[in-house]
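Protein chains: 4
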Amino acid sequence: MADLKFEKESTALLVIDPYNDFISEGGKIWDRIKSVAEANGCVANMLQLLITARKVGLRVFYAMHHRYRPGDYETWKHIAPIQKATWSRKTFEYGTWGGEFRAEFTPQPGDIVAQEHWCSSGFANTDLDLLLKRHGIQKLIVAGLIAHTCVESTVRFAVELGYDVTLAKDATADYSEEFMHAALVTNLPNYAGAIVTTKELVGLLSSK
Amino acid sequence: MADLKFEKESTALLVIDPYNDFISEGGKIWDRIKSVAEANGCVANMLQLLITARKVGLRVFYAMHHRYRPGDYETWKHIAPIQKATWSRKTFEYGTWGGEFRAEFTPQPGDIVAQEHWCSSGFANTDLDLLLKRHGIQKLIVAGLIAHTCVESTVRFAVELGYDVTLAKDATADYSEEFMHAALVTNLPNYAGAIVTTKELVGLLSSK
Amino acid sequence: MADLKFEKESTALLVIDPYNDFISEGGKIWDRIKSVAEANGCVANMLQLLITARKVGLRVFYAMHHRYRPGDYETWKHIAPIQKATWSRKTFEYGTWGGEFRAEFTPQPGDIVAQEHWCSSGFANTDLDLLLKRHGIQKLIVAGLIAHTCVESTVRFAVELGYDVTLAKDATADYSEEFMHAALVTNLPNYAGAIVTTKELVGLLSSK
Amino acid sequence: MADLKFEKESTALLVIDPYNDFISEGGKIWDRIKSVAEANGCVANMLQLLITARKVGLRVFYAMHHRYRPGDYETWKHIAPIQKATWSRKTFEYGTWGGEFRAEFTPQPGDIVAQEHWCSSGFANTDLDLLLKRHGIQKLIVAGLIAHTCVESTVRFAVELGYDVTLAKDATADYSEEFMHAALVTNLPNYAGAIVTTKELVGLLSSK
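Protein chains in written order, with this note's numbering: chain A, 43 to 250; chain B, 43 to 250; chain C, 43 to 250; chain D, 43 to 250.
To be clear, the hints were calculated from the coordinates, so they are not data collected in a lab. Honestly, I wouldn't trust all of these hints.
Note that the list lumps identical chains together, so a pair holds whenever it fits in one copy or between two copies.
[Claimed, not checked] Pairs of lysine-lysine residues, derived as DSS-like cross-links and limited to a Cα-Cα distance of at most 25 Å, are as follows:
1) K132 - K50
2) K132 - K241
3) K70 - K241
4) K76 - K126
5) K97 - K47
6) K76 - K119
7) K76 - K50
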């Protein structure tokens, strides 16, 4: 970890799915991740990373899940289980509070919001890779929800596409510690170049 | 051409960029393509294909260019000339009439509108490929604007991605016959499996 | 599961990384997965799926990892941990026995071998998606190695790209039951439409 | 042009298809492009760019077309006209002289050869984008064959993927001046940030 360096010109903070439905009291999924998220300070850590990124001049990107709209899936020939669940719950429903950014994470001028993703990877079928390239970004600091689905898929894709990824392990959450372990201990150490705490990241970024 | 067949289950009509700015009197680009478009009946042919597709039960997909919004390009490290032109003209400006579908081409229930594309290919950095796959589409009938930019790039990408393409040569237009020739005679015969008239297409589709 | 159907025209068997280094006695990784693989009959099941696929006329695709060659990674600016491990172990070394297909899995005429993948997904940076499309394939039956890396990434990518996936849960293996659980129980039920035994699959395929 | 700058760290030379079949006396396609190639000094210019790139320390990438092998296309459901032509001519046949690099363009240690492409774009279904990213490349100087097919598709894809492209207009060739005009004058000025002569490029690179 001693050699973790984040050049402002080529590093971005990538925040995944800071929707009310995930991380606000009353959101459709909040109750399912609340226990883990409150234990590790997930939302506060996500916010601290965001504030630090802005302060030190890292550009902020958002990878947001498709907001549910009627008619989305009715005509699909096949649908993945995770999409079927999204459909039945109308998660992130377009035009509702649940499908809005949690207030503190509302994009500010200069932030980049990629097109919405249909499944779990922020890169699949979106303009995220293009927008990162157009801003010269080669390294990503990743935070957001949910660890074993969108975060893990986005990190797996990022690495396949050639990005260097650092994951903030306490700025994500999941249904239980078992799910967290599968993502953070079993799988992502293969792909993320570093998996560190928010405190370590903030220290590294601030000491530049 | 005798063996052109379009199974309803696996063929879609792909309409590219039917924005007012392109094909409506008063649109920002209309004056530049009007001469060619009026000579070959481009808009009427596009519409006839759309009506025929609906009548015979082909699913309709739309590939729409990114609508200009302030802040789109200011932070890019590099920008392609065609994007610089879009930026300076504010083509397809979000929230304006020019950035709306020409009325007759307004999507209807069951139509699929892919995410907006940033440059010329309807496939690049969008969900078009995913949505075609999720509907079992393997063949595309392509119509729309402009022949040597978005149409040509979309067809080149479609073929690279494994689709079979039939192009309606009089349901597209361009700045001059020279540009039309470059797209329809010089380049696209390498990629499109067939390049035919709207009349031929309507005949083939209707006789099923 | 009752409604699992595999049309010959649109379904393929996708075999991931049947290299000697993974699944043959003496292979570089075999000792690490042997315990799980012998417990569930992984290799025999992979082979039975292959034989059944050929018998009933399903096309067979192979997604093979990049074979190590000197000079592969020396000039990379960043490298993922899993690639660093591959580099240091020279896994699947080009020109060696470990980098050859285990004999029974040698491709036969009509089989399709996609280009080698650099990390874990058989789709990333390869022609697998193209070759599946060119053969009309929309559904995949997936088997191979290793569950939480190449199999999971390939399935995650397949679903993001629009394929319907059925996973043979006893035709894969991993370092321990914990890793198997992370892939087969924690993560992949979100993406694979079905996760079944080889016996069930062979029954379904043979009864067509 | 005055502001064209090529930082060694982020710029690469991309050479497209320097196969004997294209640019060597006796190659299958050479007779069709010879007239244009001899008029503009195409091969000598490609070579001068290569030598200059090596001298000033730009990394060299090669995008090579799929070499024909028996069985390639027999099972495809659809095939693009340009692929059908490749098939019937057995262009770049694997294991033959025509499918080898022209001698002066043989890759040297440190050069990167991307996986072979099936159609015209060096990016489609290959690892070119990954390998460029892993080497920190954001700008491409493009040279090679043929202007209106592989060069144009590769440039169109490069720009869609977020690269800045400079094209060497006399280090490419085509069947006739009409084809050259379609690529270099009609189409590529929309995508390439600059289209310049080899002499200008060598001057710019050497004066760094």
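Results for each hint:
no.	hint	verdict
1	K132 - K50	neither (38 Å within a copy, 30 Å between copies)
2	K132 - K241	neither (35 Å within a copy, 36 Å between copies)
3	K70 - K241	neither (29 Å within a copy, 39 Å between copies)
4	K76 - K126	within (23 Å within a copy, 36 Å between copies)
5	K97 - K47	within (17 Å within a copy, 31 Å between copies)
6	K76 - K119	neither (34 Å within a copy, 38 Å between copies)
7	K76 - K50	neither (33 Å within a copy, 45 Å between copies)
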